[in-house]
Amino acid sequence: EPEVTQTPSHQVTQMGQEVILRCVPISNHLYFYWYRQILGQKVEFLVSFYNNEISEKSEIFDDQFSVERPDGSNFTLKIRSTKLEDSAMYFCASSPRSGSNQPQHFGDGTRLSIL
Amino acid sequence: QKEVEQDPGPLSVPEGAIVSLNCTYSNSAFQYFMWYRQYSRKGPELLMYTYSSGNKEDGRFTAQVDKSSKYISLFIRDSQPSDSATYLCAMSLYNTDKLIFGTGTRLQVFP
Numbered sequence: 001e002p003e004v005t006q007t008p009s010h011q012v013t014q015m016g017q018e019v020i021l022r023c024v025p026i027s028n029h030l031y032f033y034w035y036r037q038i039l040g041q042k043v044e045f046l047v048s049f050y051n052n053e054i055s056e057k058s059e060i061f062d063d064q065f066s067v068e069r070p071d072g073s074n075f076t077l078k079i080r081s082t083k084l085e086d087s088a089m090y091f092c093a094s095s096p097r098s099g100s101n102q103p104q105h106f107g108d109g110t111r112l113s114i115l
Numbered sequence: 116q117k118e119v120e121q122d123p124g125p126l127s128v129p130e131g132a133i134v135s136l137n138c139t140y141s142n143s144a145f146q147y148f149m150w151y152r153q154y155s156r157k158g159p160e161l162l163m164y165t166y167s168s169g170n171k172e173d174g175r176f177t178a179q180v181d182k183s184s185k186y187i188s189l190f191i192r193d194s195q196p197s198d199s200a201t202y203l204c205a206m207s208l209y210n211t212d213k214l215i216f217g218t219g220t221r222l223q224v225f226p
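If you read the sequences in order, they're chains A and B. First residue of the first sequence? That's 1 in our numbering, and the numbers climb one at a time after it. First residue of the second sequence? That's 116 in our numbering, and the numbers climb one at a time after it.
None of these hints come from the bench; they were simulated from the model. Any given hint could turn out to be false.
Claimed, not checked - Label-pair restraints from in silico Cβ distances:
1) A:R80 to B:S184: 36 to 46 Å
2) A:E85 to B:E118: 33 to 43 Å
3) A:Q64 to B:L208: 33 to 43 Å
4) B:P129 to A:N51: 46 to 56 Å
5) A:S81 to B:G169: 44 to 54 Å
6) A:L39 to B:Q223: 18 to 28 Å
7) A:E59 to B:E160: 22 to 32 Å
8) B:A132 to A:D63: 47 to 57 Å
9) A:G40 to B:A132: 23 to 33 Å
Model, not experiment: these values are computed from the prediction. Think of the CB as a built atom: it goes at the ideal place given N, C-alpha and C, for glycine as much as any other residue.
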């Protein structure tokens, strides 16, 4: 069964450094998402992306965050100047079409640890 | 009042038991309801997806939505040790892809 692939599985970064998290969505999917889960808390929506544009973002997704689809297969989340509170699991998801009736399929996440 | 509430558990049951997992929500505008299963160190895996009030069955799993009470449930019949995981409810509004998750209920099925 096709799956969403995320790399690396664990990223350790010094506070203030830039980090890029990578995702390969399911190949025929057109809508892409990032969520995060701080340890012990809920999974939270960050951003949705379609046709090379952000379609929706949460208040968490401020100017330090950006997303990009640099080629036909990868989808990336960049955090420009990391803070301690950015430590979390980051999940990428994809769906074939938009709309709440199109279930999102998740990758296994990247655990980001900021020191 | 939290938007989506879910008892964190843990819920511990013997193999073969019927498990009932529940979420309540406050926003009556939620239209789509999902249940995800999350094993340790893995991402959420979609189990069930429902739109309207009523029941939806898939194998040993039944999802139930009661919009009038703002309450959703997931039933697992003949539970197995391999069902041991965290179960997340999620829901969304009609005009958005943003999923709102519950905190998850940790389920343990012992042999």
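Verification of the supplied hints:
1. A:R80 to B:S184: 36 to 46 Å: At 44 Å between Cβs, range holds.
2. A:E85 to B:E118: 33 to 43 Å: violated (21 Å)
3. A:Q64 to B:L208: 33 to 43 Å: With a Cβ separation near 27 Å, Q64 (chain A) and L208 (chain B) fall outside 33 to 43 Å, so the hint is violated.
4. B:P129 to A:N51: 46 to 56 Å: About 50 Å separates the Cβ atoms of P129 (chain B) and N51 (chain A), which means 46 to 56 Å holds.
5. A:S81 to B:G169: 44 to 54 Å: holds (49 Å)
6. A:L39 to B:Q223: 18 to 28 Å: holds (20 Å)
7. A:E59 to B:E160: 22 to 32 Å: holds (28 Å)
8. B:A132 to A:D63: 47 to 57 Å: This hint holds: roughly 50 Å between Cβ atoms.
9. A:G40 to B:A132: 23 to 33 Å: holds (27 Å)
The structure does not agree with the numbered hints 2, 3 stated previously, though it agrees with the rest.
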